[in-house]
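All chains should be modelled from the sequences, with the hints used to inform the complete structure.
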Amino acid sequence: MISRKHKTLFVHIPKVAGQSIETIFLRDLGLDWHIRGELLLRKKKKEEPGPERLAHLKAKEYLEFNYIDKPTFDSYFKFGFVRNPYSRMLSVYNYLGYGKIISFNAFMEKVVKQQLAQDNFFYSAQYDYLYDEKGELMVDYVGKLESLAEDMKLVLQKTGLEGHEIPHVNKSEKGRKRGLAALIKNPRLWPCFKPGLLFSSEKKKSLNEAEKQKVYQLFAKDFEHFGYER
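As numbered in UniProt numbering, residues 1 to 230 make up the sequence shown, in order.
It is worth saying that the hints were derived from the structure and are not from the lab. Quick caveat: nothing in here was measured; it's all calculated off a predicted structure. Beta carbons are placed, not taken as given, at the ideal position from N, Cα and C, and that holds for glycine. It is possible that part of the hints are untrue.
Unchecked claim - For lysine-lysine, the following DSS-like pairs were computed, each having C-alpha atoms within a straight-line distance of at most 25 Å:
hint	residue 1	residue 2
1	Lys45	Lys70
2	Lys174	Lys153
3	Lys5	Lys44
4	Lys158	Lys70
Claimed, not checked - Pairwise CB distance ranges (calculated):
hint	residue 1	residue 2	range
5	Trp33	Arg4	15 to 25 Å
6	Asp74	Ile184	43 to 53 Å
7	Pro49	Ala181	39 to 49 Å
8	Asp119	Asp28	26 to 36 Å
9	Glu64	Leu218	16 to 26 Å
10	Ala220	Ala106	14 to 24 Å
11	Asn120	Lys144	20 to 30 Å
12	Gln217	Trp33	35 to 45 Å
13	Ala117	Glu224	13 to 23 Å
14	Asp28	Ser75	17 to 27 Å
15	Ser75	Phe199	45 to 55 Å
16	Asp119	Ala181	19 to 29 Å
Following this line, the structure appears as structure tokens:
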């Protein structure tokens, strides 16, 4: 997200409260989710580089793809928020509907590894969103979802938005629908399909040690650079 008025660039990592944060800026500008293109919160055009949704550009991609020039990038307040990698992957698992069709272990082995190999923005390590190839942090401030209200105080102060509350942006429940769509799209998942999950009203809420190990193996840099315990 780029807000020219606030001289701010926000790196929105998927499943880390990004829409709640962006809503503050939209409301201050008199915009909403139907009119948000001027903040670069839109789908990319066919001829444009970057992820399908430009809201999820990595910090380095704003420069690489010329969505902002270097002097402006350097002068703006740049920030991002991160989340415990365990809870982030668990959130992705439930949100995209895989929790309705396959086990978490199968999700990590059959889905996450493949999507990381294909550089799918939704699964990318949080480290990759905020650091460049030389290992340099590209933003001025990194907050944490676990302390969102407290960490946002600095962001609101830096952007002249003191007093604004952080809204909770609800997502409609589409887990079962998304899960079935993923199953149809990816036949490799059929051997892992667990019909009992499809009709369960419960979401997976925690990970065992073996499941945590799979997350750590793929996202070790997120633990190391953002201070999360293994």
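Outcome of the hint check:
1. Lys45 <-> Lys70: holds, 23 Å
2. Lys174 <-> Lys153: violated, 32 Å
3. Lys5 <-> Lys44: holds, 22 Å
4. Lys158 <-> Lys70: Measuring from Cα to Cα gives roughly 20 Å; hence the hint holds.
5. Trp33 <-> Arg4: 15 to 25 Å: holds, 19 Å
6. Asp74 <-> Ile184: 43 to 53 Å: The hinted range 43 to 53 Å holds for aspartate 74 and isoleucine 184, with Cβ atoms some 46 Å apart.
7. Pro49 <-> Ala181: 39 to 49 Å: violated, 27 Å
8. Asp119 <-> Asp28: 26 to 36 Å: holds, 33 Å
9. Glu64 <-> Leu218: 16 to 26 Å: holds, 24 Å
10. Ala220 <-> Ala106: 14 to 24 Å: holds, 21 Å
11. Asn120 <-> Lys144: 20 to 30 Å: Roughly 24 Å apart at Cβ, these two residues keep to the hinted range, so it holds.
12. Gln217 <-> Trp33: 35 to 45 Å: holds, 36 Å
13. Ala117 <-> Glu224: 13 to 23 Å: holds, 21 Å
14. Asp28 <-> Ser75: 17 to 27 Å: holds, 20 Å
15. Ser75 <-> Phe199: 45 to 55 Å: holds, 54 Å
16. Asp119 <-> Ala181: 19 to 29 Å: holds, 21 Å
Comparing the model with each earlier hint shows violations of hints 2 and 7; every other hint is respected.
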